[in-house]
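Q: Protein sequences, first through last, are from chains W and P.
Residue 173 is where the first sequence starts when you use my numbering, and the numbers rise one by one after that.
Residue 637 is where the second sequence starts when you use my numbering, and the numbers rise one by one after that.
Some chain P residues near chain W, calculated using beta-carbon distances under 10 angstroms:
no., residue
1, Ile740
2, Thr746
3, Asn796
4, Leu804
5, Lys808
6, Pro866
Here are the simulated lysine to aspartate or glutamate pairs, EDC-like style, with alpha carbons at most 20 angstroms apart:
no., chain 1, residue 1, chain 2, residue 2
7, P, Lys775, W, Asp374
8, W, Lys368, P, Glu803
9, W, Lys294, W, Glu352
10, W, Lys347, P, Glu803
11, W, Lys339, P, Glu803
12, W, Lys347, W, Asp337
13, W, Lys368, P, Asp758
14, P, Lys754, W, Asp286
15, W, Lys220, W, Glu187
16, W, Lys227, W, Glu183
17, P, Lys869, W, Glu341
18, W, Lys356, P, Glu803
19, W, Lys177, W, Glu211
20, P, Lys836, P, Glu810
21, W, Lys358, P, Glu810
22, W, Lys378, P, Asp758
23, W, Lys358, P, Glu803
24, P, Lys869, W, Asp337
No wet-lab data here; the hints were simulated from the structure.
Note that the coordinates shown come from a computational prediction; the quantities given were computed from them, not determined experimentally.
A virtual CB, placed ideally from N, CA and C, is assigned to each residue, including glycine.
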Amino acid sequence: MIITKGKPLDEILSELEGLEKIFIVGCSLCATASKTGGEEEVEGMKRKLESFGKKITGSIVLDPVCNLQKSRLDLKRYDSEIKGSDAVLCMACGNGLQTLGEILGDKPVFPANDTLFLGEVKRFGVFEERCLQCGRCLLTSGVAICPLSRCPKGILNGPCGGANDGKCEVAQDLKCVWIEIYEKLKAMGRLGDFRKINYPLDYSIKVRPGQHLVRRGVSSEQA
Amino acid sequence: MSRLRELLESGRFVITAEVGPPKGSDVNDFREKVNLLKGRIDAFNVTDGQGASMRLSSLAGCLVVLSEGEEPVMQITGRDRNRIAIQSELLGAYALGVRNVLAITGDYPTLGDNPNAKPVYDLDSVGILLAASSLMNGKDLAGNPLKGNPPKFYLGATANPNFSPLELELIKVEKKVSAGARFFQTQAVYDLRVAEQFIKRVAKFNVKILLGIIPLRSVKSAQFISRMIPGVKISKELMHRMEVAEDPKLEGLKIAADFIKKVREHGLAHGVHIMAIGAEKTVPVLLEML
Ligand code: SF4
Ligand code: SF4
Chain W
173 MIITKGKPLD
183 EILSELEGLE
193 KIFIVGCSLC
203 ATASKTGGEE
213 EVEGMKRKLE
223 SFGKKITGSI
233 VLDPVCNLQK
243 SRLDLKRYDS
253 EIKGSDAVLC
263 MACGNGLQTL
273 GEILGDKPVF
283 PANDTLFLGE
293 VKRFGVFEER
303 CLQCGRCLLT
313 SGVAICPLSR
323 CPKGILNGPC
333 GGANDGKCEV
343 AQDLKCVWIE
353 IYEKLKAMGR
363 LGDFRKINYP
373 LDYSIKVRPG
383 QHLVRRGVSS
393 EQA
Chain P
637 MSRLRELLES
647 GRFVITAEVG
657 PPKGSDVNDF
667 REKVNLLKGR
677 IDAFNVTDGQ
687 GASMRLSSLA
697 GCLVVLSEGE
707 EPVMQITGRD
717 RNRIAIQSEL
727 LGAYALGVRN
737 VLAITGDYPT
747 LGDNPNAKPV
757 YDLDSVGILL
767 AASSLMNGKD
777 LAGNPLKGNP
787 PKFYLGATAN
797 PNFSPLELEL
807 IKVEKKVSAG
817 ARFFQTQAVY
827 DLRVAEQFIK
837 RVAKFNVKIL
847 LGIIPLRSVK
857 SAQFISRMIP
867 GVKISKELMH
877 RMEVAEDPKL
887 EGLKIAADFI
897 KKVREHGLAH
907 GVHIMAIGAE
917 KTVPVLLEML
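For reference, chain P alone in the conformation it holds in the complex:
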């Protein structure tokens, strides 16, 4: 059974973090990132060609996490594989010990480093969840029976509490829940009220919510995040803190730590998901502050 699920269901505040596999076959640095966080977070979310950039596979990254005795969450997108490949990847992952799967539609190839690639999108995020749920019921998506015990995945998906209109985002969350999602990892949120509003509206779905955290690194990074994450708002106050900070990186980590502490104290969400986007090595500093 998924350890992440056990933890979330036990009611403990869960912390997960994102780790990006390398652009290459040398996993030493990746292993080091995992080691830095070993025993300090509850699960490692391994990205699948994030930003449509070609990397070592998510499954291989998950195996490194497993070999360190840690709990991986395998991201899987619909961008690069059709339903046959997605289902066989899921079966393979389960056979090798991966229990948690996060279904994502996937960033479009022209946004990445292999812009000439053929976009697949045979399944979108909802379709991937349907496929995984179907495997869990002992059948493939076409209805053919699987041999042996079916896999028991803990399925997750993404959501964006900042999205406007929120009604539309909630419909998508609902679809993902009906397709099998049991936990949600959200886009970065910087405003407690936005988080609160979202959590209230999804409470009826009875799913676990990990609020997304992207520590700010500089005023520039804050501006970038405001542009890139649909609907996200970084308050003037936070911007000001970043502007006047002597060490903006440290300030960003402090802001993130304050936010996480408040979420934990008020029992706002079931946990948080930290996305350091390339700066994974700063996450231990953030964890120290909690």
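Extracted from the complex, chain W is given alone in its bound form:
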């Protein structure tokens, strides 16, 4: 899931300075789970902006924002409200923001959220990064713990010399993920996989922006 965090209201207000009529878009999936762009948060944002003198022309929670064709259709109904607005405030992730930008042409679209990472909802309000979308999943040892996203250094042959008492040198409230990998592989009786040298990653498969096409059973990828 894409984890987002709401920007401070001050920042949103300063982005929207001089713009009076605002249309708000939320997202039914990740931003709803992150509590940054579901029905509830969109309502809350409406009230907050109104208390600062903004006029809310309308709002919709798209299902989800990042589906270009579907969002284009769903927004049709709000054509006049959006045309009559000075700006659109997007309560989705950075991807949703750009999908809106693409659909809405020259209408200014502003982010209400900071997009943090692709991660796990551990429990209510607690999220942790889990995948960097490296383009060729390395986790072929069965261990299912990703060092690229969970070791701050993203190193391939850990732990580094800083792992202290099982804790990470960088984020001391977290366990060193390389020690977790070691312990899990050991418990699985697969320490042999831990002994193998991991060669430096191939970044040529990860030229940005990624494009992925699946058509008639054929998959071509540059992700």
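We have chain W already, so just place chain P with the ligands on it with the hints.
A: Just chain P with the ligands, lined up with the frame of chain W:
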């Protein structure tokens, strides 16, 4: 050929020390530190932005060491450069006379004095060793041939004998050896049994081990070291010696000298590596005691 390698292979007890380049372009003080130890140690290990603090480069520091007729060990981390920069730095260093390279992953930027920097880590310590080994075989990491005679580095890496579980540390040592490391510089050790245990377990790799020495300066510094070095244990006895010492700094140097003497007498390791961390000027006093 690397003088450090010759010495280590000759079986002589080797002493190296760490010198940190300055935060600035004035190398006078750095040169002075080198001069104080000139002819008294076998190699100078020049740090690469230690503690993620931005300093004069390790390569430039190595050139100062070379200009004094001494033997440098160039530390190189994966923190600040990608594989293209690391390989070209290695080639440049060799061309200018650097023979010994110590590969380190590198402390994370947020721990240093430029916390906003982009962490690179394209290569970790094992990756740097692979790159250097590949250059030594006349090819870059991507397999492209190099022109002319390939460099002949003497490659080193770090290890921590205090680390628990030790099995995990040994696997890392093994990986580093397969990637090309021929000598190891260890984290500070204060307990001979810990050193002995480690040396026994790495004997099969047939590499040279320089045991790390950080002279204690005060009770506070001892406590700090206990916190900062993963797994390190400073015995109650040593703590007590520091507590009651009239001159704790001198006592710390004595403790270090005793330790080094024992290592040398018992042939425990191939040498020691002294890390004075900013107090390089006290190292000659320590050397006098040996
Ligand atoms: S290795 Fe990690 S970053 Fe790469 S795809 Fe797998 S989980 Fe994601
Ligand atoms: S302590 Fe472990 S998780 Fe933290 S940076 Fe080092 S290897 Fe990565």
